[in-house]
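Q: Take a look at the letters that make up each chain.
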Amino acid sequence: MQEKTFIIKFKKGLHARPAAELVTFLGKYQSNVKIIKDDFEIDAKSIMGVLTLAAACGTDLKFIVDGSDENAVLIQIENFLNSGKEYD
Amino acid sequence: MTEKKQEIVYQGVAVSSGIVSGKVFLLAEQNFVPLHKEVPPDLRKKELDRLKKAIAQTRADIKTTSLKIDEMLGTNYAKIADVQLLILDDPIMRKDIISMIENGDNAENAVYKASDKINRSFETIGDEYFKERRFDIQDVSKRLIENLLGGTKQSLANIERDSIVVAHNLTPADTVSIREKFIKGFATDIGGKTSHTAIIAQGFEIPAVVGLKNLSRAVKSGDDIIIDGNKGIVIINPSAQTISVYEKEFDIWFAEHQELEKLKDLPAQTLDGVQIKLLANIDNPDETEYALKNGALGIGLYRTEFMYFNRVQVPTEEEHFENYKKTAQRMSPFETVIRTIDLGGDKLSKLGFLNIDEESNPFMGLRAIRLCFKYPDIFLQQLRGILRASAFAKIKIMYPMISGLQELRMANALLQRAKDDLRKEKIDFDGDIEVGAMIEVPSAAIITDILAKELDFVSIGTNDLIQYTLAVDRVNETVAELYEPLHPAILRLLKKIIDDAHRAGIKAAMCGEMAGDPKYASILLGFGLDEFSVSSAQAPKIKRAIRNIKMSSAKLLSQEILKIDDIKEIEKLLN
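Order-wise, the sequence lines are chains A and B. Residues 0 to 87 (numbering that gives the first Met the number 0) are what the first sequence spells out, left to right. Residues 0 to 574 (numbering that gives the first Met the number 0) are what the second sequence spells out, left to right.
Quick caveat, the hints were computed from the structure, so don't treat them as lab data. Hints should not be assumed to be uniformly reliable.
Claimed, not checked - The calculated BS3-like cross-link candidates involving lysine-lysine, where the alpha carbons are at most 25 Å apart (straight line), are:
#1 B/261 / B/518
#2 B/230 / B/292
#3 B/94 / A/33
#4 B/549 / B/276
#5 A/3 / A/27
#6 B/94 / A/36
#7 B/62 / A/27
#8 B/549 / A/11
#9 A/11 / B/373
As the list claims (entries may be wrong) - Computed beta-carbon distance windows for the label pairs:
#10 A/26 / B/427: 36 to 46 Å
#11 B/204 / A/26: 38 to 48 Å
#12 B/425 / A/66: 43 to 53 Å
#13 B/44 / A/77: 35 to 45 Å
#14 B/412 / A/26: 45 to 55 Å
#15 A/37 / B/343: 28 to 38 Å
#16 A/37 / B/119: 10 to 20 Å
What the hints assert, rightly or not - A partial selection of chain B residues facing chain A, derived with a Cβ cut-off under 8 Å:
#17 85
#18 90
#19 126
#20 315
C-beta: ideal position from N, C-alpha, C; glycine also.
Generate coordinates for the entire structure from the input sequences, incorporating the hints supplied.
A: Right, here's the structure in full:
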């Protein structure tokens, strides 16, 4: 099990489009991924879970990844959240 | 005996002009709660199969809709489908539904309960943007339930005769199947001026009224309805008397509409041949098409505040740039006058910038250009965006709420800084970009001669100018009647502003509501106003007014009016 905290940098936050992208690529991995914001925990493979976080720009999110491919997953998450890409 | 139905009048927001009467086609919201049926254990496996089939069908539906929307409205709309497909396959919701079915729920009820649960967790979200995503979830679960029930969804494709569509809301998905020739009008419970319904209705040139709250629950298909897209009124079950009133209104409107239609490509020119520049006021790049269609030869006021609404971060320079470039290119070869932000401090507080207490008098508080000086970075970002866009099409800059020369010089110094920076970075912009100011604070009006020496144009903002000069809050019902554009103090100020501008050799425009009321056209022309910037819907009416006025008579009229002391007498003379 690994965990790491990231700051959301998308200027509109983790809204529908980036959330969709996150959920889509996580779905390809075997690991379980949870996101914790304050004391709220959700399944990161659920679009609705991710959207209910309402993670605006600047929010701290703790990712907990558990599974055989957890290292790869964490790298993917990091690349995605720090890509600097913006969504409409 | 036929039941005598009661006439009901609804007031909403007019978003597309015209009057139409006809029969309701109700695009029903399937907001029902599906019946719970206990499924016996031996049939539960079958229930799961039913769910599986409905999911496959819904997936296919979403994909088809997305392709059609892509064709109609462009890829940005179609991207909604990606999110909807993920919602359909969401593991949490799926698990929830399956376990409910395994415990004996029928599939429809299981889907309903699962989505309702998620819906509730969204209701507690404070951020409006995230909260609104629940509509996507509702949309998906609705489609799923409809497919479980065997596809009973009323679609606009089913319309077989002339109809007026009433709905809670029209989504892009609803409108893909539209059969234009049968649809004569729209009336919806929610929506605003830039809603999807408004854009579609304007595109089809049919009347539409939105924001009617609970209209869709009060009517059924086949009811008689009148939509007045000029006044924003909808009447259900109109009485014989109302119908005859509206028949007359329709005739008047139709004759006027046809007359205005003919003016579309004619110049805004007085009877004695003086050309007047007629421009449009917009809030959003999407309004340019409507402006052009209504004969505006440019944008005289692009309010940029809308970019700051419904978001958690201030817009970036890039967003400013993209919006302005898009707008100006669409209007090209005509000009686009971009007004820098006219926001109140409350807005920036929400965006986490300021931490000011609510101001007791926000109209006289930290707003517009004053706010920009307090947060120069926000202002510079916008200025850089405007300057960069000016390399692509004709753009002018306009500052709001200037009250004195120092403010104008400060704004210009920041503009100079933005220009210097861009030059250093070797980024293109229009080095001769024109700079103007809104004249909307009485102090600015009184010293227009001083300001004009350092400006390329002025534009009179009558709404604020009148409010500040007369000390009347127009929204306050108890004093609203004191709001009077024909007050001699206002008329003298207008005359002075225009004369001062002309003496300095610059043009005077007006972008306040007074410019958009045909009643005042002759007096404004008489004062020598060069440019009228009005809402797109008003543009043809102002053009008609201008075309019916002789400049020489307007000049005489305005001189006479300035000699009159009593507003009532002035009104008499104008009529």
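Q: Against each hint, give a clear statement of whether it holds in the structure.
A: Evaluation of the provided hints:
The suggested pairing of residue 261 of chain B with residue 518 of chain B holds, with an alpha-carbon distance near 21 Å, which does not exceed 25 Å. Restraint check for residue 230 of chain B and residue 292 of chain B: the C-alpha separation of about 21 Å stays at or below 25 Å, so the hint holds. A hinted pair counts as satisfied when its Cα atoms are at most 25 Å apart, and residue 94 of chain B with residue 33 of chain A qualifies at roughly 16 Å. Proposed proximity of residue 549 of chain B and residue 276 of chain B is supported: the alpha carbons are some 16 Å apart, at most 25 Å.
Simply put, residue 3 of chain A and residue 27 of chain A have alpha-carbon atoms about 20 Å apart, close enough for the 25 Å limit, and the pair holds. Restraint check for residue 94 of chain B and residue 36 of chain A: the C-alpha separation of about 23 Å stays at or below 25 Å, so the hint holds. A distance of roughly 21 Å separates the Cα atoms of residue 62 of chain B and residue 27 of chain A; the hinted pair therefore holds under the 25 Å criterion. About 53 Å separates the Cα atoms of residue 549 of chain B and residue 11 of chain A, which puts this hinted pair outside 25 Å; it is violated.
The suggested pairing of residue 11 of chain A with residue 373 of chain B holds, with an alpha-carbon distance near 24 Å, which does not exceed 25 Å. Remark: the range hint 36 to 46 Å for residue 26 of chain A to residue 427 of chain B is upheld by a beta-carbon distance near 44 Å. Take residue 204 of chain B and residue 26 of chain A: their Cβ atoms lie about 45 Å apart, and the range 38 to 48 Å holds. The hinted window of 43 to 53 Å between residue 425 of chain B and residue 66 of chain A holds, with their beta carbons roughly 50 Å apart.
For the pair residue 44 of chain B and residue 77 of chain A, the supplied restraint of 35 to 45 Å holds, since their beta-carbon distance comes to about 43 Å. For residue 412 of chain B and residue 26 of chain A, the hinted distance range of 45 to 55 Å is satisfied, since their beta carbons lie about 53 Å from each other. For the pair residue 37 of chain A and residue 343 of chain B, the supplied restraint of 28 to 38 Å holds, since their beta-carbon distance comes to about 31 Å. Distance hint check for residue 37 of chain A and residue 119 of chain B: the Cβ-Cβ separation is about 19 Å, which falls inside the suggested range of 10 to 20 Å.
Because the closest C-beta pair between residue 85 of chain B and chain A is about 4 Å apart, less than 8 Å, the hint holds. A least Cβ separation of about 5 Å between residue 90 of chain B and chain A falls short of the 8 Å threshold, and the interface hint therefore holds. Interface hint status for residue 126 of chain B: upheld, as the beta-carbon distance to the closest one in chain A is roughly 5 Å, under 8 Å. Below 8 Å, beta-carbon pairs count as interface contacts, and residue 315 of chain B has one with chain A at about 6 Å; its hint therefore holds.
When the structure is compared with the earlier hints, a violation turns up for hint 8 alone.
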